[in-house]
Structures are given as C-alpha cells and as structure tokens.
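Asker: As you go down the protein sequences, you meet chains A and B in turn. The opening position of the first sequence corresponds to residue 129 in our numbering, with each subsequent residue numbered one higher. The opening position of the second sequence corresponds to residue 11 in our numbering, with each subsequent residue numbered one higher.
Honestly, the hints are just simulated from the structure, not real lab data. Note that this is a predicted model, so its numbers are computed, not measured. Here a beta-carbon is modelled for each residue, glycine too, at the ideal position from N, C-alpha and C. Wrong hints could be hidden among the right ones.
In the SDA-like style, the derived pairs of lysine to any residue whose C-alpha atoms are separated by at most 25 Å in a straight line are [unchecked claim]:
no., chain 1, residue 1, chain 2, residue 2
1, B, K137, B, D162
2, A, K289, A, G188
3, A, K285, A, P252
4, B, K106, B, V157
5, A, K274, B, K195
6, A, K250, B, K81
7, A, K250, B, V157
8, B, K106, A, P252
9, B, K81, A, V282
10, A, K250, A, F265
11, A, K274, B, G203
Per label pair, the in silico range of CB-to-CB distance [as the list claims (entries may be wrong)]:
no., chain 1, residue 1, chain 2, residue 2, range
12, B, P134, A, T257, 34 to 40 Å
13, A, G141, B, E202, 21 to 27 Å
14, B, L31, A, L204, 50 to 56 Å
15, B, D182, A, E234, 46 to 52 Å
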Amino acid sequence: MIESDAFVQALQGMGVDFFTGVPDSILGGIIAELMDRRLYTPAVREDEAVGMAAGAYMAGKIPAVLMQNSGLGTSLNTLISLNQIYRQPCILIVSWRGQGGKDAPEHLVMGEVMPQFLDTMKIPHRVLTEKTAVEDFKWVAETFMKQRMPVALVITKGVVKGLHP
Amino acid sequence: MRPEEGTLISRAQAIAALLELLTDQPVIICNGFPSREAHKIADRPTHFYMIGSMGNAAAIALGVALAKPHKQVVTFDGDGNVLMGMGTLATVGALKPKNFIHVVFDNEVYGTTGNQPTISNVVPLEKVAKAAGYVNVERVLDRDDLVYEFKDMLKKDGPSMLLIKVNEFAEDAGRVLHGPPDMTKRFMQAIEG
C-alpha cells in the first residue's frame, strides 16, 4: 500500500502546486495529507474544481483535481468545452468506485463504464498500482506536458492508504 | 413590463463603463453575449473569453485569484451563468479571496438562446452572495451608480459582487475571433508576473 504522504510527495515532485477537488473515501488519506500541508482548496462540485484548476493553470500553477468517478459525469462539459477546446491541462486523481461490480448500487454503472467513458472523452488514463507507481507518475507528468490536456490517474480501493486502515 | 425596465442600460453600455475603469486586471468573461460584446468593445490580452463551460466563469476567476493573490481579478458573469454555478458563490464566500470582484449582468433571461426567462426576477443573486459570505455587495440600476460602486470596489478588499440590472438588448457583436488555444496562451502571457 502506498502511504498518503508518499503519494502527495510524488505529485509535488512533479511540480503540482494547486490541489482542489471533492472528497471520496478512497481519497480520504490523500486529502487529509493535503490539508495537513495546507495545500488543498475544497470545491463544492467537480466542474467547479476543474474550472478553478483551469484558472490556476493559466495563472502559472500545475493543478490536480481529486474526485470520485461520479464527478467525471458532473464535470464532463467543463472538461470538454473548457479544457479540451482551450488546451488547458490538469491532472485528475479519480477514485474508481464500483470497480468489479462490488460497491453500493449508485456506483455500479459508472464503475463498469469508466474506462470506456474516459476513452470516449479522449482523456488519457492509467490505473495506479504500487508496483508500477514510479512509472505511473512519470507517465502522468509526461502526458500532462506533452498533450496539454486533462489526464487521469485512477486510484482503486486499497492502493493508497486511506483514513481507516 | 417591469417598472424599471424602460430606464435600464444595456449590458454593452455597462461593459463599456466597466472597461473604462479597468486597466491590466485579468477579466474572465462568461460565455454568450458578454464575451462577444466585451471582445467588440475593447479586446485586451488580459480578457479571457469563454465560449463554453457555462456556469464556470467565477470558478475560473477564483482559480486565477487564488494563484495570484496580489492581482485583482474580475469576472463578468450573467444571471443564467450564476444560477447554473451557484455553488461557486458559496466557495468564494467561504474562501474570501480579497482580490476577487464578481460583476453580474442581470437581464433575467438566457439571451443567446432566445430570451427564455431565468429565475433571477424572483431570486436576488446579490443577496445570495451576501448570505454566502461576499464582503461587499451592491445592486445598481443605472450607469452613474455602476461607476461609483465599481470604483469603490476596486479600492476595497473583497470578495465583492456588483450586480447590474440591464435590459435585454444585445449588441450586434459577432463571435469572438481568437481561437481558443490562442486565447489561453495570450491570457497566460498577459497575466504573467
């Protein structure tokens, strides 16, 4: 399991210096760590978070937006009619609720279609694993710099240490 | 007809008056007629014209304001836009960025799609902003008050909202001519430092 502080450290190591989002239990440890470091600006909706990240990017920051995968639905229009049209990149840290059909009913549909959904939205994505973490972060940084588009790092349950062990 | 309708200024007149008072402040302008009109009245590299992502103007401006706390950041917004992204009033009210000025042109209609009514005729958006935690909030009906209050807001710590009641008139402004990726680059360079 990846420690939350190591996860945040890796993002900061890539130059990420603006963090916003809407919480999920899978992301609880990461958000607690970001709040400890006074780096986190909470948003009330995921499309707002993506909009704030776009503003921060244009003001010289490298932004990351944390959300559960349901938030991809909420922020869809912003991701395509702002980020993609204007070529404004951001790093999406997306928790994969409903993966493998084992979750509360509200997560099952998005949990099943999320990879295809990201493909359809032309958002490059990769699932973080402990074994490949170094390459995963490197891929995120390179994709961000090269494509100038949103890129998603998907976090599955139990890969990054949460609030409740 | 509303009692004040015959005397209200147009949004384009309001934009012209505001831009006379602004110099090099970043201005994030919502999609629809506000961007087209501002682009026609005075096209400055410090303007970020939105063509999509309705409801997100204030969020984008907030991101700029948080990243550049020593620069005054202005957003030109509309009543339909504010209603769509109303949660952002709460985020701004909670975070209280001192350098954030939110101008709302309130004509009570969705202009670009054919003047369908919004609900801002019965929901006073500046009161919502005040309740959410905006520090300075003013509602103005004419050009003189607009100029007086906006000058005042430029001198004060925010977050501030200036709600300007405007009529439904839309300037024959055409679409914004810059390509979106060029607007991103131009705006980024203009607000650097």
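Asker: Sort out which numbered hints this structure fails and list those numbers smallest first.
Answerer: 2, 6, 7, 8, 9, 12 and 14
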